[in-house]
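Chemist: Turn these sequences into a full structure, and let the hints guide you.
If you want the building blocks of each chain, they are given just below.
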Amino acid sequence: MAFVDFSAREIHCKIVYYGPGLGGKTKNLQYLHERTAPSRRGQLISLATPNERTLFFDFLPLDVGSLRGFQTRLHLYTVPGQVFYDAARRAILRGVDGIVFVADSQEARLAANFESIRNLEKNLREQGYEIADVPYVLQLNKRDLPSAMPADELARRLVIKGEPALEATAATGAGVFETMKAIARLVLLDLRKRRTPSGFSRATAAS
Amino acid sequence: MSPADLVLFEEDFRSLREILRRLRQESGASVVLLVDKNGQRITSVGDVEALDMTALASLTAGNVAATDGLARILGEREFSVLLHEGEKENIHVSIVAQRVILVVIFGDRSSLGLVRLRVRQAGAELERTFAEITQRMDREPVLHSGFEPLLAEITDEDIDRLFSE
Ligand SMILES: Nc1nc2c(ncn2[C@@H]2O[C@H](COP(=O)(O)OP(=O)(O)OP(=O)(O)O)[C@@H](O)[C@H]2O)c(=O)[nH]1
Ligand SMILES: [Mg+2]
Chain A
0 MAFVDFSARE
10 IHCKIVYYGP
20 GLGGKTKNLQ
30 YLHERTAPSR
40 RGQLISLATP
50 NERTLFFDFL
60 PLDVGSLRGF
70 QTRLHLYTVP
80 GQVFYDAARR
90 AILRGVDGIV
100 FVADSQEARL
110 AANFESIRNL
120 EKNLREQGYE
130 IADVPYVLQL
140 NKRDLPSAMP
150 ADELARRLVI
160 KGEPALEATA
170 ATGAGVFETM
180 KAIARLVLLD
190 LRKRRTPSGF
200 SRATAAS
Chain B
0 MSPADLVLFE
10 EDFRSLREIL
20 RRLRQESGAS
30 VVLLVDKNGQ
40 RITSVGDVEA
50 LDMTALASLT
60 AGNVAATDGL
70 ARILGEREFS
80 VLLHEGEKEN
90 IHVSIVAQRV
100 ILVVIFGDRS
110 SLGLVRLRVR
120 QAGAELERTF
130 AEITQRMDRE
140 PVLHSGFEPL
150 LAEITDEDID
160 RLFSE
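Chains as they are written, first to last, in numbering that gives the first Met the number 0: chain A, 0 to 206; chain B, 0 to 164.
If you are wondering where the hints come from, they were derived from the structure by calculation, not from laboratory data. Don't take every hint at face value.
Dumping the calculated BS3-like pairs for lysine-lysine here, alpha-carbon to alpha-carbon at most 27 Å [unchecked claim]:
| no. | chain 1 | residue 1 | chain 2 | residue 2 |
| --- | --- | --- | --- | --- |
| 1 | A | LYS180 | A | LYS160 |
| 2 | A | LYS192 | B | LYS36 |
| 3 | A | LYS192 | A | LYS180 |
| 4 | A | LYS121 | B | LYS36 |
| 5 | A | LYS160 | A | LYS121 |
| 6 | A | LYS160 | A | LYS192 |
Reference listing, derived: stretches of chain A covered by chain B, where coverage requires no fewer than 3 residues with Cβ under 8 Å from a Cβ of chain B [stated by the list, open to error]:
| no. | stretch |
| --- | --- |
| 7 | 6-13 |
| 8 | 37-51 |
| 9 | 87-99 |
| 10 | 178-186 |
Where a beta carbon is used, it is the ideal one built from N, C-alpha and C, also for glycine.
Modeler: And the structure:
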């Protein structure tokens with residue numbers, strides 16, 4: 000649920016990085032955090048197990064610039080990918096404006112990718128969303144690994160609605176900013192199309 | 000518009016902030032804030048510069064979401080209050096009107112009993128305010144179409160320019 004603050008002229012959008020365990024969701028946020036000037040980002044908060052698996056979520060607020068005087072801020076979240084953390088995934092999806100699906104390119108993880116996409120569809124539906132209506136980008140991660148499937152074949156199998164599919168190696172940062180920009184663009188275009196207010200908006204020009 | 004949507008006007012913010020200001024004063028709290036269940040800060044009063052309010056809002060909402068999950072397991076609709084007690088600072092978290100999170104941060108200038116009492120009073124006022132807002136939205140849907148023309152200032156080209164570098 001985007002939040003538009005008309006008197007402070009700010010737009011806030013919630014973007015969730017989804018995907019199978021160990022796919023590289025947290026790595027995406029870590030790289031964005033590392034490579035963004037401190038003035039344009041907040042703290043990276045990671046609620047993780049002692050061995051660095053996401054337990055609840057990672058959170059990173061990121062400024063992406065000004066749209067006609069509206070300061071635009073993304074609230075990036077990751078979910079825990081491990082199957083048994085489903086309750087946490089559902090909670091994080093609340094009020095989502097856009098989704099990045101981080102797929103693991105390794106052949107051995109193909110089934111895990113499928114399962115995670117099905118799980119995403121189910122959890123969105125439980126929140127009253129259809130994936131067809133939600134801004135969505137597919138990231139093919141871990142392109143550096145020798146066991147990675149050919150990108151075009153992987154995309155053919157994982158694309159669900161003609162969404163942009165971007166190659167990435169989050170470990171080195173390749174494709175990470177491109178992915179973030181692609182989803183931000185879709186989310187903002189979607190927000191512009193909305194005809195009714197959503198979230199907590201502060202409308203100053205109503206009278 | 001989904002049922003979770005709520006539109007707040009300038010005067011709504013003024014009344015909400017007035018309630019928070021009074022709560023802070025009467026309870027001796029350092030910070031009082033309202034957060035929506037998605038983790039977005041609505042408004043806050045007090046020594047807000049000292050704290051990372053964005054992180055605070057997001058973590059509080061995560062905390063409430065986890066607690067909602069626990070409640071469901073036990074067949075409760077919700078646990079309406081959460082309390083975190085530290086050596087110097089304490090956080091009192093409560094749910095208002097089933098949709099908004101009221102957070103009170105207080106130290107030893109205050110006490111849990113006092114905070115509880117004042118939160119109960121302020122909670123009732125906040126609930127009334129939110130009920131009025133909801134009623135107004137049902138009554139005057141036209142008034143709430145302000146969103147579209149305002150965002151219409153922004154064009155698709157503006158969005159593309161944002162990322163062209
Ligand atoms: N080789 C390679 N390793 C990667 C890449 N991206 C992430 N990794 C590694 O994969 C492991 C898991 O990455 P995370 O970012 O923690 O994965 P996650 O998706 O957040 O996992 P969960 O939190 O369990 O859902 C880490 O050791 C990363 O360093 C990549 O592009 N290439
Ligand atoms: Mg993770």
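Chemist: For a quick check of understanding: which of the numbered hints are violated here, in increasing order?
Modeler: Violated hints: none at all, because every hint is consistent with the structure.
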